[in-house]
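Engineer: Letter by letter, the chains look like this.
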Amino acid sequence: MAGDDKKPDPNGTVPEGGPRPPVEARTEENLVSPPSRHYPETGPELRRSARADPPTTGHSWDGIEEYDNPMPRWWLWTFYICIAWAVIYMLLYPAWPLVSKATPGLLGYSTRAEVVREMQDFEARNEVWFQRLVETEVASLREDTELERFAVQAGRAVFAAQCSQCHGAGAQGVQAGGFPSLLNDAWLWGGTLEDIHQTISHGIRNEDDPDARWSEMPAFGVDGLLSDEEIDQVVEYVRAMSGQSHDAALAEPGAEVFEWNCAACHMDDGSGNTDLGAPALNNQIWLYGGDRDTLRHTIVYSRFGVMPAFTQRLREAEIRAVAVYVHQLGGGQ
Amino acid sequence: MSTPSEPQLYAAREPIFPRRVQGRFRNLKWGLMAVMLGIYYITPWIRWDRGPAMPDQAVLVDLANRRFFFFFIEIWPHEFYFVAGLLIMAGLGLFLFTSALGRVWCGYACPQTVWTDLFITVERWLEGDRNARVRLWKAPWGLHKARVYLTKWTVWLLIALATGGAWVFYFTDAPTLLRDLFALNAHPVAWITIAILTATTFFFGGFFREQICIYACPWPRIQAAMMDEDTLTIAYRDWRGEPRGKLRKGEIAPGQGDCIDCMACVNVCPMGIDIRNGQQMECITCGLCIDACDEVMDRIGKPRGLVSYIALSDEIHEKTGKPAISVWRHVFRPRTVMYSVLWGGVGIGLVALLLVRTDLDMSVAQVRNPINVVMSDGAVRNAYEVRLRNMHGEPRAFTLSVEADVPVDLVLEGIDGPTVTVAADALLNQRVYLIAPPGSPAASAQRTDLTLRAVEGTSGQVITTDTLFNGRGN
Chain A
1 MAGDDKKPDP NGTVPEGGPR PPVEARTEEN LVSPPSRHYP ETGPELRRSA
51 RADPPTTGHS WDGIEEYDNP MPRWWLWTFY ICIAWAVIYM LLYPAWPLVS
101 KATPGLLGYS TRAEVVREMQ DFEARNEVWF QRLVETEVAS LREDTELERF
151 AVQAGRAVFA AQCSQCHGAG AQGVQAGGFP SLLNDAWLWG GTLEDIHQTI
201 SHGIRNEDDP DARWSEMPAF GVDGLLSDEE IDQVVEYVRA MSGQSHDAAL
251 AEPGAEVFEW NCAACHMDDG SGNTDLGAPA LNNQIWLYGG DRDTLRHTIV
301 YSRFGVMPAF TQRLREAEIR AVAVYVHQLG GGQ
Chain B
1 MSTPSEPQLY AAREPIFPRR VQGRFRNLKW GLMAVMLGIY YITPWIRWDR
51 GPAMPDQAVL VDLANRRFFF FFIEIWPHEF YFVAGLLIMA GLGLFLFTSA
101 LGRVWCGYAC PQTVWTDLFI TVERWLEGDR NARVRLWKAP WGLHKARVYL
151 TKWTVWLLIA LATGGAWVFY FTDAPTLLRD LFALNAHPVA WITIAILTAT
201 TFFFGGFFRE QICIYACPWP RIQAAMMDED TLTIAYRDWR GEPRGKLRKG
251 EIAPGQGDCI DCMACVNVCP MGIDIRNGQQ MECITCGLCI DACDEVMDRI
301 GKPRGLVSYI ALSDEIHEKT GKPAISVWRH VFRPRTVMYS VLWGGVGIGL
351 VALLLVRTDL DMSVAQVRNP INVVMSDGAV RNAYEVRLRN MHGEPRAFTL
401 SVEADVPVDL VLEGIDGPTV TVAADALLNQ RVYLIAPPGS PAASAQRTDL
451 TLRAVEGTSG QVITTDTLFN GRGN
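Chains A and B are the protein sequences, given in the same order. So that you can map any letter, position 167 of the first sequence is 167 in UniProt numbering, and since no number is skipped, the others follow by simple counting. So that you can map any letter, position 158 of the second sequence is 158 in UniProt numbering, and since no number is skipped, the others follow by simple counting.
Hints are not guaranteed to be accurate.
Said to hold, decoys possible - Covered stretches of chain A (chain B as the covering partner; in silico rule of three or more C-beta atoms under 8 Å from a C-beta of chain B):
{"no.": "1", "stretch": "175–189"}
{"no.": "2", "stretch": "277–289"}
Unchecked claim - Calculated Cβ distances over 10 Å to all of chain A for the following chain B residues:
{"no.": "3", "residue": "Y10"}
{"no.": "4", "residue": "A34"}
{"no.": "5", "residue": "P140"}
In case anyone wonders, no lab produced these hints; they're calculated from the structure. We put the beta carbon where it would ideally sit given N, CA and C, even for glycine.
If we strip away everything but chain B, and leave its shape as in the complex, we get (with noise of 0.2 Å):
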């Protein structure tokens, strides 16, 4: 296409058929596909046991209990700190591999990536490679062509289905909610989901393609800040291709570079540019043309790297004719290397959290309205509303007591006894009474310091809180 004449104001998509490639780029993405749709699609189906009482499901994001399980990991509403660590970890880990790799995700892990590769191997496998399909395109509409379209659109929908179908397996126990769904009686939420998901797959990975890179995605344009000259990306090595031209079998054209024209680079990019013009904002950087092009190279016995991971710094380098910088010498630089120690650094910290933390806690807020209750014998009672949590599959007992340099009785609330049973993955709130006897210190006195202590009953672990006792001098 040529740029037009009169400025237009709107353009239309102009549609992209990839050519089949194959190569250690392509391999890598079809290892990368393979593992990342498995984790997505096989994840909700491992079960995890984790006592009777609690869902057997190893990732479940339990939006209803607000509970978050990961396998032996089980995260309350109160640790929501871990999941913003793994994003301050998310949001590191790209910056890293952004100043070291450039738009990595873009070209290998982004959702929009994967699927659009799918779709397009469908499409492949449909239709035909390149040219076939340019010519499907081109036909007219007949018998023919409606027939492959039709069954191409309708194992698009069915990837997108079983997509926006996974999705919702994450947050509800996935064999009832299959059940549910072919027994048509699931939640709304979980169809209106699967419509949305499904209907936006189908779409930006059938139609829309480059055009969510190109002009939905916000994230091309942050890495662009976070690149330098050091980082890799994929360039056209230009002052060893040109000048450009077509080369005959058997015959040799000196003065001409190494780039023959053949196209190749430019067939099989998904995003429609060619590679040679430059580092362009569309460039996913999915070194499929590093893989056309090293086929090409091989073929007519020039080296490979013609079309390449460089970094900007290499042109400048290369020029002069010194040979090419490490690829670990871009990678490893301090920049690199201080994200990695932050990367790891957050981490260590979020490890060492989940060490530490306890399964059992108690927390303790005194009753103030009144501070105090003076009984018929003149004794003074303190309430006290404590909230024990039991993060274990099964019941947990707690026994209370209260350690006090005076003698002060502890009764609970609507239980004999000073033991308290708390139901499996729950939280109770327990109110507790301290009495001062008639007349002892704490009955008289303005304030007494003491402890509440809880033991429980199974693992002996002992938690103790801090609190005060509001006498009659208060």
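Pulled out of the complex, with its shape left as it was, chain A reads as follows (with noise of 0.2 Å):
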């Protein structure tokens, strides 16, 4: 038959499904043939749109097939590697929860140790500012403009930690209750570094330390040292002296109660001493208050106002960090 003819046909055309030359290109060139993934085998008696359809999974939605593709095995392997992986690490590490804690592991890991390794690295690292700190005058403190920024950042945390309660987040004190602004330039025992530091170290009135800064005001009312008059007139006085509206006639014979009772410690000027713990009462800042009220109550039973000692609390670094944080506040001097 014609058909069974190897030779093309004479018009050029070769029937559908006919025969082909034999395949004897595959020599050496083709000792390994492609991979075939999903693709059957590729010779030439296939054509494209005669391809015979690749293996299925059998599954069918509205006419999609899905393909039957075998994995790749290296994925198989990575699959065991990962179970290998994850039995080695429940070994290793803490992995099974169980009543109170978890299964310890072998390494003997565990979070909490490594939050304080690493705190114990950071406090490691900060110990050579520390150090520095501890070992620089304190009036030069802030001459050092790399020490003086890590003193003010760790004066900052320092200062959140033990100082804000009383003399408030910004430290701008709190009148009602007697805690100084640390903002302004009225201080009541200094604000240089180093008055700073000495008062933050040993405190204010407290019994604790033998060092701290004492002096006590006379309670001139309830202790009788005053008349209920003359103290009517030491208020006017001092009201006078502030530069508030006053009663002039009362402020007049004031002058010389303040000038016998005061003076000693608040100076004539009223300009205050910082010695002494006494604030000036001549300007617009007031510890507990300027209005006439307060200020009899701080002339009838006088004021005590207490500072704990932070010697006992706190670091000589940590100190020196936080004066040089309360000097750069903007009252500095």
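Take each chain as given, in its own frame, and dock them per the hints.
Structural biologist: Structure follows, in structure tokens:
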């Protein structure tokens, strides 16, 4: 039959599905054929249109079928390796939760210990700076810019933890409690770095530290040192001194009362004395308040503001850091 | 390999031994490989003078100090939008190239392709071309095979080491790091990075090769969404090649297509596929089958282009006997023009931003706890945290002043006078106090609007920021 003839049709067409020349080209060139994947053996007898369908899973959704290709074997191996990894990990690290804690793991690892270690590392790195803080003269702590920057950051943290309860987060003080603002230019016991350092270290009027700053205003009213009239007069005089509205008729005799009773500490002009912690009375800043009732209360009952000594609570370097922090808040002298 | 009669769940990787090929696309790939590897290995060693206080490496990702240097450009963290813009451009660029030229990224530029190509080249140098490699692979293990394979793996490992090694140089001063690496006191992160990248390069380039593209990489799957019937891709003109058949020398085989079934296109394919089976997900469009087929077509005196860059729409078109559509008509169409416009738009935007950005900057944050402080003389003080940025390679001095309708004094914390110096390439936080004299309008008013002004000494550049002053009426 003509169809069995191996020779091509002289008309130049090959019958569909007809014979092809033998595939003898596959000599050395083609020792390895391409990976098959989902393609069946590609031979010259297969036209693209007539290619055999690759195997499917047999599932069909709306005519969409799913090829059933084998997974790559390495994928299987990574799966096994992951399982092995998981087993080893469970043995080495804390894994299974028990009643009160988890299995500890052979390495003894714990995130808690890790945190402790990290904090120790952190402390060790800060230690260099703390050392420098202690070794530097208090008065010149702000001269080294780098050291100052460290001191301000460390001091900020100390202030937030130890000082802000009374002096406020912004160091603006609480007048109702007699806690002074640390931002302005008025200082009870001095505003130099050394003064601030001394005050923080030993505190004010506390019984714990023999070096605490100490002074005591007499309770002029309750102890009967001044009469009610004299107190009224001196209140008016102090108000005059600070430029507030006042009764001039009362203030005039008040000057004499002031000179005899108050000027020893608060000075003749009312400018105060930082050696005695006597506040200036001739300015706009009031520790407890400058209105008549508060002034009268202060004179009658006196005031006794206490600040704890921090040598027991903080390290020297921390005290220095917070001293620098306070000094750079705007009032430092 | 024939389809297994019994379905297998897992299939082993069948190694591929691409034959050497010469031609246009092979030359293009050599050129691109040289350029890209050159850029990758040389870039960290280019120096760029930025002044004494700054790194002199032209391209440096300084993660520790949060700076990115690119020749004359320095990116700070607050300018990360430049990086975001470049990523958007990279994305749009890939969309553009994919919609116009298909998987051109995969075929020419992807590191996986480039390094695999390099590894195959090494393999060919040491073992010979395809047939020699196949023979050696099939041969039982012996002294010769062990020697050749060990040599090959050593060379691969050295390339991998250089690859992983070059990467770390982008992140720190390259000469210093190189010295540290040789002195064995480099940072552990450098060693770990080099180790990981060396291992992955060695394994992916030497043994995993096409498996990455077929099974691991998501990009080929995404690209399908960006291709359409006009996207140029590599295809076999089966309407011209079929019915394929062997051609004997000097013989004319009428009725036979142009494909002589010489398997050249299959043998050169690094993905191990037969392009004549039509579009396949494995094809990275590297163009090597085009070169292989063109060579054969030249030899048998048939026109080139049996395997060629064509679009899907060409098939319908050419099957009716019409002449081929010009490549340019495929490339320039609304979709690609739109991508180009978007890409160019983002690019122009970034350049514009680069030109208008300032090297000196000031930002002001008012201290609001407390909002003001009364001084002993009755003056009212407000505090401001002023942040001054100097992106120059040398220190710059800023002189601060206040612009207000009412008298307000300016004082800097810890500094005498109004001038503050910001170190090279640094940010400085300076607390600034504004003080309204006792009884002045600003002291008693609730709020006074004013402007802080910084004048930089060298350039005379003026920066102003509006802020406000809270008086006692507050």
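Engineer: Checking C-beta pairs, does the stretch 277–289 of chain A have three or more residues closer than 8 Å to chain B?
Structural biologist: holds (count 4)
Engineer: Against chain A, does A34/B hold up as non-interface, every C-beta pair farther apart than 10 Å?
Structural biologist: Consistent with the label, A34/B stays out of reach of chain A, its closest Cβ about 29 Å off (over 10 Å).
Engineer: Hey, does Y10/B actually stay past 10 Å from chain A on C-beta?
Structural biologist: 4 Å, violated
Engineer: Could you check that no beta carbon of chain A comes within 10 Å of the beta carbon of P140/B?
Structural biologist: Non-interface label stands for P140/B: nearest chain A Cβ at 16 Å, farther than 10 Å.
Engineer: Three or more residues of the stretch 175–189 of chain A near chain B by CB distance under 8 Å?
Structural biologist: holds (count 5)
Violated hint for the displayed structure: number 3, the only one.
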